[in-house]
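Number of protein chains: 4
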Amino acid sequence: MIPAQSAHSQALAARLQRFMDDHVYPNEALYEDQLHAGPEQFRVPPILEELKTQAKAQGLWNLFLPHSDNGAGLSNLDYAPLAEIMGRVHYASEIFNCSAPDTGNMEVLDRYGTQAQKDRWLKPLLEGEIRSAYCMTEPAVASSDATNIQTRIERDGGDYVINGRKWFITNAYHPNTRIFILMGKTDPDAPRHLQQSQILIPTDTPGIRWIRPLPVMGFFDLPKGQGELLFENVRVPAENIILGEGRGFEISQGRLGPGRIHNCMRILGQCERMLELTCQRLLSRVAFGKPLASQSVWQERVADARIQINMARLLTQRAAHLMDMVGNKEARSEISQIKVAATRIGRMVADIAVAAHGAAGLTNDFGLGYGFTRMQMLRMGDGPDDVHNRVIARAEFDKYRPARSMGDEA
Amino acid sequence: MIPAQSAHSQALAARLQRFMDDHVYPNEALYEDQLHAGPEQFRVPPILEELKTQAKAQGLWNLFLPHSDNGAGLSNLDYAPLAEIMGRVHYASEIFNCSAPDTGNMEVLDRYGTQAQKDRWLKPLLEGEIRSAYCMTEPAVASSDATNIQTRIERDGGDYVINGRKWFITNAYHPNTRIFILMGKTDPDAPRHLQQSQILIPTDTPGIRWIRPLPVMGFFDLPKGQGELLFENVRVPAENIILGEGRGFEISQGRLGPGRIHNCMRILGQCERMLELTCQRLLSRVAFGKPLASQSVWQERVADARIQINMARLLTQRAAHLMDMVGNKEARSEISQIKVAATRIGRMVADIAVAAHGAAGLTNDFGLGYGFTRMQMLRMGDGPDDVHNRVIARAEFDKYRPARSMGDEA
Amino acid sequence: MIPAQSAHSQALAARLQRFMDDHVYPNEALYEDQLHAGPEQFRVPPILEELKTQAKAQGLWNLFLPHSDNGAGLSNLDYAPLAEIMGRVHYASEIFNCSAPDTGNMEVLDRYGTQAQKDRWLKPLLEGEIRSAYCMTEPAVASSDATNIQTRIERDGGDYVINGRKWFITNAYHPNTRIFILMGKTDPDAPRHLQQSQILIPTDTPGIRWIRPLPVMGFFDLPKGQGELLFENVRVPAENIILGEGRGFEISQGRLGPGRIHNCMRILGQCERMLELTCQRLLSRVAFGKPLASQSVWQERVADARIQINMARLLTQRAAHLMDMVGNKEARSEISQIKVAATRIGRMVADIAVAAHGAAGLTNDFGLGYGFTRMQMLRMGDGPDDVHNRVIARAEFDKYRPARSMGDEA
Amino acid sequence: MIPAQSAHSQALAARLQRFMDDHVYPNEALYEDQLHAGPEQFRVPPILEELKTQAKAQGLWNLFLPHSDNGAGLSNLDYAPLAEIMGRVHYASEIFNCSAPDTGNMEVLDRYGTQAQKDRWLKPLLEGEIRSAYCMTEPAVASSDATNIQTRIERDGGDYVINGRKWFITNAYHPNTRIFILMGKTDPDAPRHLQQSQILIPTDTPGIRWIRPLPVMGFFDLPKGQGELLFENVRVPAENIILGEGRGFEISQGRLGPGRIHNCMRILGQCERMLELTCQRLLSRVAFGKPLASQSVWQERVADARIQINMARLLTQRAAHLMDMVGNKEARSEISQIKVAATRIGRMVADIAVAAHGAAGLTNDFGLGYGFTRMQMLRMGDGPDDVHNRVIARAEFDKYRPARSMGDEA
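Chains A, B, C and D, in that order, give the protein sequences.
Taking this note's numbering as reference, the numbering of the first sequence is continuous, increasing by one, and the terminal residue is 533.
Taking this note's numbering as reference, the numbering of the second sequence is continuous, increasing by one, and the terminal residue is 533.
Taking this note's numbering as reference, the numbering of the third sequence is continuous, increasing by one, and the terminal residue is 533.
Taking this note's numbering as reference, the numbering of the fourth sequence is continuous, increasing by one, and the terminal residue is 533.
Excised from the complex, chain A in its bound form (with noise of 0.2 Å):
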């Protein structure tokens, strides 16, 4: 059972395609000529910021927080559909002020942060002044098991000093990012899920090294691309951690959730976008005297993009509805299941849609080379099948024992 959109998404989602329609989709080649333009490489588009701006005065903003005054009160059910008008274009979440990841860095402070902490933070990024990142994933461990971060939280009187190299930070090198949510260890001796914090680094803190901005398979897609930073002796008051020591990992439990639902709707967003693409190309192209829209081998392949498209978007919106039921925790299992599903299924679309257009599938002329390695990178990101996969298949494991303790092995 999918409940339906409720009457207040419906209305947001007609809004915003016609905002999609009227502002963004006329805007996509000036936001392509605007990046790339003009000496100075990290530009914002211009045009983004007007977008962003009319955005705002039309309320379409903020609609992703859940819980808060401050969002739209949207289900995770209800703003699937929105994430999934978004995903089509790679950059409208931002002007809709609902992009990664800002937005699991506002819900992190909305939800846990002091008020001082939403003072100084949640407000300007609410506002779309700012925007943030997270610093996470480390080059010389596989991060995907928490408890082999390495970087340190070390408390030092009334400071914390860090030190660490973390790496694939979206917005890193973006001009507007004032603020880090860094995930570390203040104790690696405590007990697996209690080692690590997080705590909030201003950017302009003395110590922090931008070492590269980082290419995904040829894209660095600045400025809202990948970066690697170097935290060395970087010193914050102690009243920047966030809950409390120890807790990172709970805080973290709690983001993942709602941004795998985000991501995998905008990933079928951009997997609607690829298969229309691909449909006019194959309608367009004769080859052997036959357009290509009439040999069955196309036919298979538009039709398994279509069949699977539609069962990720079920599943995913089953699982946002889960969550809004029983909670992230006890939707753990079908949240893993919509990360390899939709990322895979996601990656399978782009194969289909790039081989479509020949040459020009591995150009950026219809978007395609970006959008595979989007693909590629969203596949990657958030834990790699093989982690997922344990989680799921433990969930099935798990009704045929008759009681496990925790920490057991499967």
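Quick caveat, the hints were computed from the structure, so don't treat them as lab data.
Keep in mind that a hint or two might mislead.
Copies of the same chain are indistinguishable here, so a pair counts whether it falls within one copy or spans any two.
[As the list claims (entries may be wrong)] Straight-line distance between alpha carbons at most 30 Å, and here's what the computed DSS-like set of lysine-lysine pairs gives: (1) Lys413 to Lys347; (2) Lys179 to Lys452; (3) Lys179 to Lys241; (4) Lys413 to Lys246; (5) Lys452 to Lys413; (6) Lys522 to Lys413; (7) Lys413 to Lys241; (8) Lys522 to Lys452.
Note that the structure is predicted; figures quoted are calculated from it, not measured.
Following the hints, complete the assembly by docking chains B, C and D onto the known chain A.
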């Protein structure tokens, strides 16, 4: 959006589940024993008749008919979970008088039959007193393209005379089968979709030759399994035609939709059962010092099975709901989607279950030898994937074509 | 590098091919008729014995033994093309006294047997007067890990006493089978690979119970098919042990290599035949106005089958050559590679062939119902992929490890 | 049968390997540094020129030309292992003057060029003094069907005038490129395969517009990467035509065979290197308490990579040998087979390698970001799988057709 199961359907599901728990599962071994015992190869296991009597007495009977006073008044969506519950045991549908092809035949008679046809055939079918068969596929041609059908139905005075060879006829050898519905050509020169008619042929009509029972990869599955029949100058009165000459294609379109929903849900019931067996097996077997359940390859396979089953169920429910809302014809892409998806997933889960059981998976000790071949048969029945992919792909392409006249090749 | 087939092997291949053309193919229908005729379920078709007599008279006999005066003196590489030719008909190997498990049993006796063992069992096996079986797999444990084996072989005075249950014993019900070679544990406390022994058990020894023939997805394939046996206090003289106590694992390693080459080449022979059938079918069937052979989905499947078959053949030939050069042990990754590759490809080609034949592919009219299940059985026999992948992967990893002590977990 | 590598080839392979070990690998970091240094985007790294000089001095030069005094006299089969060695570093072929498209262009000139054409273009190419490009693919049509080509080559007095747009031209922006070979239509009304011609166009001819370098999923890979060119009334003397009007298709068929062998072997070299990286990574990373190398999902992937690489190498060697024996035309199914198989396997291994490296696999720290996109490009270049599958399938079907006239649709 997939509406919640109605209270009526929920109540039926609960009663059905209890019946399965109390009467069906405890008698599974007895059924198999009776089936294989004694000299009479085609004997119906007595326990099956006993279970039918009990189910009928409890009103768990004819649950499938959606739009008729004769059925339980369930929509396709509301019937779906019942079909899944029944699907867990390969003969359980019959216990509740809900087994193919009788369901399709009853629906055809209910919707299109004359009063006389209903009195003579529908009534005893609804009572479970007789069984029926549907004669569609022909060995000599690719029957997935209905225009290939060669069996002739020729008018001769007040009769029709049938000549042709049909196979893969479920129930052909069932001792209780009394009536065949046959698809054949009344007018090979009519437009493509007006050449075919459907006609009622009592099994005691002279000229019918039972050629042979047909194995499905070694399983004859008698008495309910497949058979091959030859019709040689088989003569029936003209009033045996259903709905009129040239309407065979129309009738077959009508029966396909619900039949596929039923099939797909039964497949998912069987998948769930195979996955249960798989998990239990993997928990109990040790290789190289570890239970198979703790090996990541098996976690991957179990997770994949879970994901695929869940997705296929949602897709089927959505197709059922769409059929309820807009009818079979408008939902034809969705019906094709579930045919492709659910049967593919059925084979995939069967493959995993067989592999998890090692050599025992090849035998029928856990029902997996038979279960696998059944999945294989369902995968190939009702038209190969290629036909359905064509339907699905055309629906996609049509979105981008200004107009398409009927009959155009995509 | 794969050396050319020797002149000796080429000459044998030509004679073998002629024998197949002149005697085997023309009698295929007769074989099937005789097999299914009459009351005696386990009867060997008389045509098989006639063909054996002819083959023996022509010297097309015992071609498999590589290192023995009793064989044709062919290397593994030179025997490979002969095995492929025989593989095209599922019982053809037996005509030339080259069928498993007799081949492996003869090789074991030839290499490791005492003179008395050879006189009593090897001689009549080489003459084709008797058949034999190999009792390895047990229903109660994951037998792919040989240390799991539970059947006991216990010394008692001048005898050994055997207790245990074995299944998937080819030839167990064959009326000509006179001798079992059984793998069991003589010393469960010995080091892992020294616990097992192999022993000769005449089929008329008291205490052997024939539990049941075993179906492979519905096919009992008698008399040469699978059986389950119970050994209860079965007593044989101590001299029936082969090579000595604790050497069972060593013996089984020796027999595995050639057996896998034979199996893989026979699979490829069967694949070629299935591909022939597929092409002929696709050329003859029309759907939606075009022969299936002109539809690109079928071109893709046929091409894929051709590519995979060709690759698997080359890989098998290379493994055979490597075995000839460096022995089974050094070639163990390569032997595992062909086990995984050829059996996977066999199933894949069977899948394509079945699908191309539609409903007829499920029956045995083209041998495809049986053929598919045979591929499935071969895929699962001789250890599941997981075991072989482990072997192959370790060989890769070992290239990058300075040193690895025996028994380390990879 | 795949003959052993000749002594000549073995000796060259050993010297090549030593050169790679001594000179290429130690300078990989330097190459990348030089490539990305400085303002001049299209600069050839000086180390590349130094390595070329050394290789030429050692006689490791022009190893590819099979039938010419200008080459090393190696058969396709003997050249294959050299191509694999070079393939391990993406620019290594160029060091030995063996890089595409120069190899194909040199072969065309060597086989079909006039003495004047050879003197002017072949000589400096063989010396490595200049580079060349091949202009074939067009953005506006499905170029895999050569009859779709739209670029015109029109006779005008003593000249030809070229008009058209070409893209995916390797070396288009290379500063040393001096000559283009272009495929276009001289007579659109001629029979299908006689419409095209190939013509030499010096890069300094007026009317050529360098439209843009083309990214492959974000990598411009300059200076050797892809470019788009517009030819507007480009005028060259009539003697620049190669072999004569209408022979373009014939010439392109000739160049395809060896080019595909080279490509496939280079792909396998890259695969081997990616597999090495993968194994090393998996041995060094720990998740959930175990090295990734000991997890069965990774064993499965590594084993699969090993199997697929080995099979593809053997298939390529066999195709090379067949080309040596019977020529490109007779070996056309085999050449299509390796195109499909090797490029598919290349992408598959790249996928595994990227996944094994986690986020680092997306970057170019291990060359995997670029490596993956290169595999993707090679997969799509030289005609999509659909075209090759058609060739392969037709060759199969033809075995069962009594006769087929040229040009028939399969």
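Hint by hint, here is what the structure shows:
1. Taking CA atoms no more than 30 Å apart as the test, Lys413 paired with Lys347 passes in neither setting, with 42 Å inside one copy and 35 Å between copies.
2. Within a single copy, Lys179 and Lys452 get their C-alpha atoms no closer than 33 Å, and across copies no closer than 43 Å, so neither meets the 30 Å cut-off.
3. Taking the closest pair of Cα atoms, Lys179 and Lys241 come within 30 Å of each other only inside a single copy of the chain (20 Å); across copies the shortest separation is 65 Å, beyond that limit.
4. Taking CA atoms no more than 30 Å apart as the test, Lys413 paired with Lys246 passes in neither setting, with 58 Å inside one copy and 43 Å between copies.
5. Only between protomers do Lys452 and Lys413 lie at most 30 Å apart by alpha-carbon distance; the minimum there is 26 Å, versus 52 Å within a single protomer.
6. Taking the shortest alpha-carbon separations for Lys522 and Lys413, only the inter-copy value of 19 Å comes in at or below 30 Å, while the best intra-copy value is 53 Å.
7. Taking CA atoms no more than 30 Å apart as the test, Lys413 paired with Lys241 passes in neither setting, with 61 Å inside one copy and 41 Å between copies.
8. Proximity of Lys522 to Lys452 under the C-alpha cut-off of 30 Å is restricted to the intra-copy arrangement: shortest distance 17 Å within a copy versus 40 Å between copies.
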